[in-house]
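Those sequence lines, one after another, are chains W and Z.
Residues in the first sequence are numbered from 11 upward in steps of one, following the numbering used here.
Residues in the second sequence are numbered from 5 upward in steps of one, following the numbering used here.
Hints should not be assumed to be uniformly reliable.
[As the list claims (entries may be wrong)] Distance condition first, Cα-Cα at most 25 Å in a straight line; then the derived SDA-like pairs of lysine to any residue: (1) W:Lys-29 with Z:Met-144; (2) W:Lys-143 with Z:Val-166; (3) W:Lys-143 with Z:Tyr-157; (4) W:Lys-231 with W:Lys-245.
[Stated by the list, open to error] Covered, in the sense of this in silico footprint (three residues per stretch, anywhere, with C-beta under 8 Å from a C-beta of chain W), are these stretches of chain Z: (5) 143-149; (6) 158-168.
Think of the hints as simulated: they come from the structure by calculation, not from any bench.
Ideal placement from N, C-alpha and C gives every residue a C-beta, glycine not left out.
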Amino acid sequence: MIEISHVDKWYGTAFQALKDCTTSVAKGEVVVVCGPSGSGKSTLIKCVNALEPFQKGTITVDGISVGDPRTNLPKLRSRVGMVFQHFELFPHLRIIDNLCLAQEKVLGRSHAEAMAKGSKLLDRVGLKDHAQKYPAQLSGGQQQRVAIARALAMDPIAMLFDEPTSALDPEMISEVLDVMIDLARDGMTMMVVTHEMGFARKVANRVIFMDQGEIVEDAQKEEFFNKPRSERAQKFLSKILSH
Amino acid sequence: MNYHWNWHIFFEPSPNGTGTYLDMLLSGLMVTIVTSLAAWVIALATGAIVGVMRTLPSKPANLFGFCYVEFFRNMPLLVQLFLWFFVLPELLPHAWGLWLKQLPNAPFYTAAIGTGLFMSARVAEQTRAGINSLPRGQRMAATALGLRTAQVYRYVLLPIAVRIVLPPLTSEFLSTIKNTSVALTIGLIELTAAARAMQEFSFQVFEAFTAATVLYLLINIVVVIVMHFVERSVAIPGYISGK
Numbered sequence: 011m012i013e014i015s016h017v018d019k020w021y022g023t024a025f026q027a028l029k030d031c032t033t034s035v036a037k038g039e040v041v042v043v044c045g046p047s048g049s050g051k052s053t054l055i056k057c058v059n060a061l062e063p064f065q066k067g068t069i070t071v072d073g074i075s076v077g078d079p080r081t082n083l084p085k086l087r088s089r090v091g092m093v094f095q096h097f098e099l100f101p102h103l104r105i106i107d108n109l110c111l112a113q114e115k116v117l118g119r120s121h122a123e124a125m126a127k128g129s130k131l132l133d134r135v136g137l138k139d140h141a142q143k144y145p146a147q148l149s150g151g152q153q154q155r156v157a158i159a160r161a162l163a164m165d166p167i168a169m170l171f172d173e174p175t176s177a178l179d180p181e182m183i184s185e186v187l188d189v190m191i192d193l194a195r196d197g198m199t200m201m202v203v204t205h206e207m208g209f210a211r212k213v214a215n216r217v218i219f220m221d222q223g224e225i226v227e228d229a230q231k232e233e234f235f236n237k238p239r240s241e242r243a244q245k246f247l248s249k250i251l252s253h
Numbered sequence: 005m006n007y008h009w010n011w012h013i014f015f016e017p018s019p020n021g022t023g024t025y026l027d028m029l030l031s032g033l034m035v036t037i038v039t040s041l042a043a044w045v046i047a048l049a050t051g052a053i054v055g056v057m058r059t060l061p062s063k064p065a066n067l068f069g070f071c072y073v074e075f076f077r078n079m080p081l082l083v084q085l086f087l088w089f090f091v092l093p094e095l096l097p098h099a100w101g102l103w104l105k106q107l108p109n110a111p112f113y114t115a116a117i118g119t120g121l122f123m124s125a126r127v128a129e130q131t132r133a134g135i136n137s138l139p140r141g142q143r144m145a146a147t148a149l150g151l152r153t154a155q156v157y158r159y160v161l162l163p164i165a166v167r168i169v170l171p172p173l174t175s176e177f178l179s180t181i182k183n184t185s186v187a188l189t190i191g192l193i194e195l196t197a198a199a200r201a202m203q204e205f206s207f208q209v210f211e212a213f214t215a216a217t218v219l220y221l222l223i224n225i226v227v228v229i230v231m232h233f234v235e236r237s238v239a240i241p242g243y244i245s246g247k
């Protein structure tokens, strides 16, 4: 579904953010990307839907090359859902309109169709009663669930999550993770940048560990948690699992 | 001070034969209002476009916006009006220049367009500041949903940015109204010119300029009140100035 092959990315000429990254996500697979801050994990998933350009290598999504200048990027992006660390709901639109905007303007659905789809998804994330509110009137956890519903409204073939729980108060993390676990069990293809190792243990198929722009470890979940091969991954795990 | 106050002067006939001095001031007021509105429409329309250009991911668009803003905001308004009114017709091919000079109401058109362009540089800067004040993630989230650049601006960035810059835009509108007084130097009989004419005909300088002051104050208060209601009606619940 997502093929990343020998990708290099520089910011300017001095700083190389990604170094020869190669990995893939199969259909229905859940891949967790972790690593210390500044390791390039957010940059990597932003390259997948071309929110960040990359200079070398190829990325294909469902067979379509992301880096090819002839690719219709808006169309490609509309098929890949993305959830951000800071939710990024549109503050001037009601919750239901946040879900309808792209359905109508990008997919060309009628307002009634978009509303029906939006209501169904709000119900799925447990926020049906908040449809008429504005984003600032919801808690962080609720906003992030809306953001997930907004991405799902486009019927994506894969979902990207960029640290979806990092900006949340601890008591709100589980309500967001529950929605994501639910999604994973439904067979959604997911690439998730997160430090939530509990989530990784529960639903991930594979774990990718990144450091300084490199993919250091790319292993099946059990292998990664039980006996990581690289010293850097061992160190990272011992730090985040020790408390 | 040996000054002979005469507040009845307003109801005495003015020597230009069109009615009383009050009529003269009121017709000046009308010219001020019409010129300001025309200039403001030009300032808003071109300012918004140039402001957006300065935030686009396109180098030529940025450069054009930069040059436009620096050209129009770094020259005194008086010099700009003189340029358009006295210099431009001489620079054009002879026939065009002649047509411009013989244009009926030339001072009005020059004042409206000249003041409009001068103020548009300021509106452009407000627009740019508003757009740049939004979190980077807003543009990313809209882009990730598959919206095209024009749609990202139309449905997401501009509606929020405009709300943010409404208060400074109100100030710019007030400046536009006051700046039209400079047009008396190119022969536009607006409120300040009318007050000056009244003073020259009647020697009642204090009465004339007291009246002009009160009239300026009144139209500006009307603008402030109207903008207050506009701000309230577009406020987003829970966000910025919203309740």
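A quick look at each hint next to the structure:
1. Restraint check for Lys-29 of chain W and Met-144 of chain Z: the C-alpha separation of about 23 Å stays at or below 25 Å, so the hint holds.
2. Proposed proximity of Lys-143 of chain W and Val-166 of chain Z is supported: the alpha carbons are some 21 Å apart, at most 25 Å.
3. Between Lys-143 of chain W and Tyr-157 of chain Z the alpha-carbon distance is near 23 Å, which keeps this suggested pair within the 25 Å criterion.
4. Proposed proximity of Lys-231 of chain W and Lys-245 of chain W is supported: the alpha carbons are some 17 Å apart, at most 25 Å.
5. Three residues within the 8 Å Cβ limit are the bar, and the segment 143-149 of chain Z against chain W gives 6, so the coverage statement holds.
6. With 5 residues carrying a beta carbon less than 8 Å from a beta carbon of chain W, the segment 158-168 of chain Z meets the three-residue requirement, and the given coverage holds.
Every hint from the earlier list agrees with this structure, and none is contradicted.
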